[in-house]
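Novice: Chain by chain, the residues run as shown.
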Amino acid sequence: MDTPVLIEIKNLKTHFFLDEGTVQAVNGVDFTIHQHKTLCVVGESGCGKSVTARSILQIVDQPGRIVEGEILYHRPDRLSGVGLSEDLPSPNGAGGSSSTEIIDLAALDPRGREIREIRGQDISMIFQEPMTSLSPIHTVGNQITEAIKLHTDMLDDEADEHAIELLRRVGIPRPAERLETYPFELSGGMRQRVMIAMALSCNPALLIADEPTTAVDVTTQAQILELLEELQDDFGMAIMLITHDLGVVAEMADDVVVMYLGQVAERGDVESIFHDPKHPYTQALLKSIPRLGVSRTMQRLDSIRGMVPDPYNRPTGCMFGPRCDHFMPGRCDAINPPAIQLGDGREVHCLLYEDE
Amino acid sequence: MSAQQTNGSQHSTSANGSAAADNVLLDVKNLQKWFPITAGFFRRTIGHVKAVDDISFQVLQGETVGLVGESGCGKTTAGRCILRAYDLTGGQVLFQDHDGKMVDLGPLNNNEMKPYRQQVRMIFQDPFNSLNPRMPVSDIVGDPLKINKVAAGKELEDRVAALLARVGLRPEYMRRYPHAFSGGERQRIGIARALALDPRLVVADEAVSALDVSVRAQILNLIKDLQEEFNLTYLFVSHDLSVIEYICDRVVVMYVGKIVEVAETEELFAQPFHPYTEALLSAVPNPDPRMRQQKSRIVLEGDVADPANPPSGCYFHPRCRYVQDQCSLETPELREIAPGHYAACHFAEELTLTGVTASGELG
Ligand SMILES: Nc1ncnc2c1ncn2[C@@H]1O[C@H](COP(=O)(O)OP(=O)(O)OP(=O)(O)O)[C@@H](O)[C@H]1O
Ligand SMILES: Nc1ncnc2c1ncn2[C@@H]1O[C@H](COP(=O)(O)OP(=O)(O)O)[C@@H](O)[C@H]1O
Ligand code: SF4
Ligand code: SF4
Ligand SMILES: [Mg+2]
Ligand SMILES: [Mg+2]
Chain A
1 MDTPVLIEIK NLKTHFFLDE GTVQAVNGVD FTIHQHKTLC VVGESGCGKS
51 VTARSILQIV DQPGRIVEGE ILYHRPDRLS GVGLSEDLPS PNGAGGSSST
101 EIIDLAALDP RGREIREIRG QDISMIFQEP MTSLSPIHTV GNQITEAIKL
151 HTDMLDDEAD EHAIELLRRV GIPRPAERLE TYPFELSGGM RQRVMIAMAL
201 SCNPALLIAD EPTTAVDVTT QAQILELLEE LQDDFGMAIM LITHDLGVVA
251 EMADDVVVMY LGQVAERGDV ESIFHDPKHP YTQALLKSIP RLGVSRTMQR
301 LDSIRGMVPD PYNRPTGCMF GPRCDHFMPG RCDAINPPAI QLGDGREVHC
351 LLYEDE
Chain B
1 MSAQQTNGSQ HSTSANGSAA ADNVLLDVKN LQKWFPITAG FFRRTIGHVK
51 AVDDISFQVL QGETVGLVGE SGCGKTTAGR CILRAYDLTG GQVLFQDHDG
101 KMVDLGPLNN NEMKPYRQQV RMIFQDPFNS LNPRMPVSDI VGDPLKINKV
151 AAGKELEDRV AALLARVGLR PEYMRRYPHA FSGGERQRIG IARALALDPR
201 LVVADEAVSA LDVSVRAQIL NLIKDLQEEF NLTYLFVSHD LSVIEYICDR
251 VVVMYVGKIV EVAETEELFA QPFHPYTEAL LSAVPNPDPR MRQQKSRIVL
301 EGDVADPANP PSGCYFHPRC RYVQDQCSLE TPELREIAPG HYAACHFAEE
351 LTLTGVTASG ELG
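In order, the protein sequences belong to chains A and B.
For the first sequence, the numbering used here begins at 1 and goes up steadily by one.
For the second sequence, the numbering used here begins at 1 and goes up steadily by one.
These are calculated hints, taken from the structure and not from any lab test.
Built from N, CA and C at the ideal position, the CB exists for glycine as well.
The reader is advised that the hints may include incorrect statements.
[To be verified] Here are some of the chain B residues that sit facing chain A, going by a computed Cβ distance under 8 Å: (1) GLU70; (2) TYR86; (3) ASP87; (4) LEU197; (5) ASP198; (6) GLN271; (7) LEU280.
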């Protein structure tokens, strides 16, 4: 079942050094992204999802930086050495590409040539608010062809054609005409599609999507999620999908990482996370969401007491301790739970499982 | 429970005296709010955004009515008209006064609105921007009491402390400023402020949308508890159908400035009569990976129509999977399809639409 490993994150720590103190935004995160698969990273706002994603691309904002850990990129063969297929769509053959080159992205110079080559070509990213990655003063066509020309040796005409094909592929009607439009002339859903087209222009091995549907309506969300699934079938890229919506996770994920306050609470395949959650936080989270069809019969929702602590007042021991119903005094406030392997790729950070 | 489409009486007192009418706290009739689109140096009006275009619904005493629909469909505009933050373009906002009379808030001026501003209060979406950053919490919550001369001095302080305690905040923190509180706590402050004057109707516009999952459940529970305790009536505006399902007794679905469906919550979710409602329900991601295969997600083509330039006939027709010739020619009226269940679709009776069963499955 498992496809070859694409990204292996080991003990990643990314901190922000501010006057008020240090924000340990990502504080010892491990997980693996497999080729052609979808990994969902889920957690509440501020738990470090975006910073983890930005660390992979080495685009962490100042005054933040990776202080520890490895981000091992197992570069698929087809990408070792440049030269991209001009055909589109061009599935890159599931499992066919044995990885040869392993690059530690965490060790690269954020401004160096190597990471710049990887950005966009090997790994690309789309954001919650499309306007943060689209330029308001250039036409849609210009922006896509620029992205194409940056990473390929395509000429103007070829790049134009490729751009039209991409826009068609992401479901933009009359794509040739759209090349001339500016982003502000498009609806939110259309902008999101343009951004996806841009991100896919070089057929990346990994697409990072940071809350791509948080700012759009449910019906638009359904369109975008469906599109991502189709594109994954066609292009074969792995997707790292960041979201706080457990519904989106259940619909999209192969594997899930649940984060809390800069750390992984647990990870595993999507079926286990939803039907056999191990970490008290995951369990409580799943109970606290109103579910369509179920919530109308419920008198009250189970809620998690308290709130996420602010980043300057992290608890000692387990980050979830102050809100946990299984809190064990003397242990949970003393020990930051290590990763405990439960087999089948499942991992939990909770002292309840220490002896298993 | 009746929805609307009553006798069409235009007078501002409820004369018919029926039991149902006594029970009506808010009666919105043919409400319209158009925003002019201007162009050129002289700001000539070249068209209108028909943000809310002839909507009618009622809210009964003690119930929670949900207003749901996609971004831009006019939910907030409708709410702001009811609060009279906007002047109406047309229609009536009838509100039951303490003595049982229905008063049209529409034509009232600022001064005449004053007593009603105590009775109709608002909880806002954004807990970060809706609180004055330069005011301590004691003033934010206490100001409505002070301005309306309800309490002063020690009594004021006690009432504020009690309100804060009731929404789950420590009264000791009342000297602090909003920035010192988390999103969920700020939303609690907003709720305390809305409740300070013992309102009868609370309009909550996306009151939990900005909150994290784990905090959202707390606030939803609080909103429910307070309703019982203070006999509150809510108009609950949200785009989130699972939240609407949890909190509302009845639901009004809007599409491009118009109401397309009204029904009791159970009915609407189990048996929608409008194709747009069906599509909305099917688009909500189900938090159960086992439901993936079963689910036939209806993916709507294209975007929500532009309220400045809506399509002909049924506004939903360019995206409707059941569209027929008649749909682009004639505008469907909101009609009662089953008792208390209204839909604006020419074919509401013929179509068999898919809702959500009580187990959470689509079926
Ligand atoms: N002050 C205004 N001037 C002009 N147009 C407006 C104004 N306020 C709202 N509109 C337009 O009216 C329509 C309805 O807007 P409204 O804010 O009521 O939508 P909504 O249903 O609350 O959406 P959301 O879910 O995004 O909050 C939109 O097309 C909007 O652009
Ligand atoms: N540019 C920055 N400067 C300082 N702190 C930051 C910055 N970006 C993120 N953080 C902090 O890092 C933590 C994780 O943030 P983020 O990854 O954005 O969370 P999310 O899971 O919501 O994506 C938060 O405490 C946030 O405040
Ligand atoms: S380690 Fe302790 S406090 Fe943390 S989740 Fe497990 S039981 Fe709860
Ligand atoms: S009237 Fe026609 S287009 Fe409109 S919802 Fe009904 S079937 Fe669809
Ligand atoms: Mg984020
Ligand atoms: Mg709104």
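Novice: It remains to establish, for every hint, whether it holds in the given structure.
Specialist: Verification of the supplied hints:
For GLU70/B, the interface hint holds, since its Cβ comes within 8 Å of a Cβ in chain A; the closest pair sits about 4 Å apart. With a least beta-carbon distance of about 23 Å to chain A, the hint placing TYR86/B at the interface is violated under the 8 Å criterion. At its closest, the beta carbon of ASP87/B sits 28 Å from a beta carbon of chain A; the interface hint therefore is violated under the 8 Å criterion. Proximity of LEU197/B to chain A is violated relative to the hint, the smallest CB-CB distance being about 27 Å (cut-off 8 Å).
With a cut of 8 Å, the hint placing ASP198/B at the interface with chain A is violated, because the nearest CB-to-CB distance is about 24 Å. At a threshold of 8 Å, the smallest CB-CB gap from GLN271/B to chain A is about 12 Å, leaving the interface hint violated. About 6 Å separates the beta-carbon of LEU280/B from the nearest beta-carbon of chain A, less than 8 Å, and the hint is met.
In the structure shown, a violation is registered for the earlier hints numbered 2, 3, 4, 5 and 6, in ascending order.
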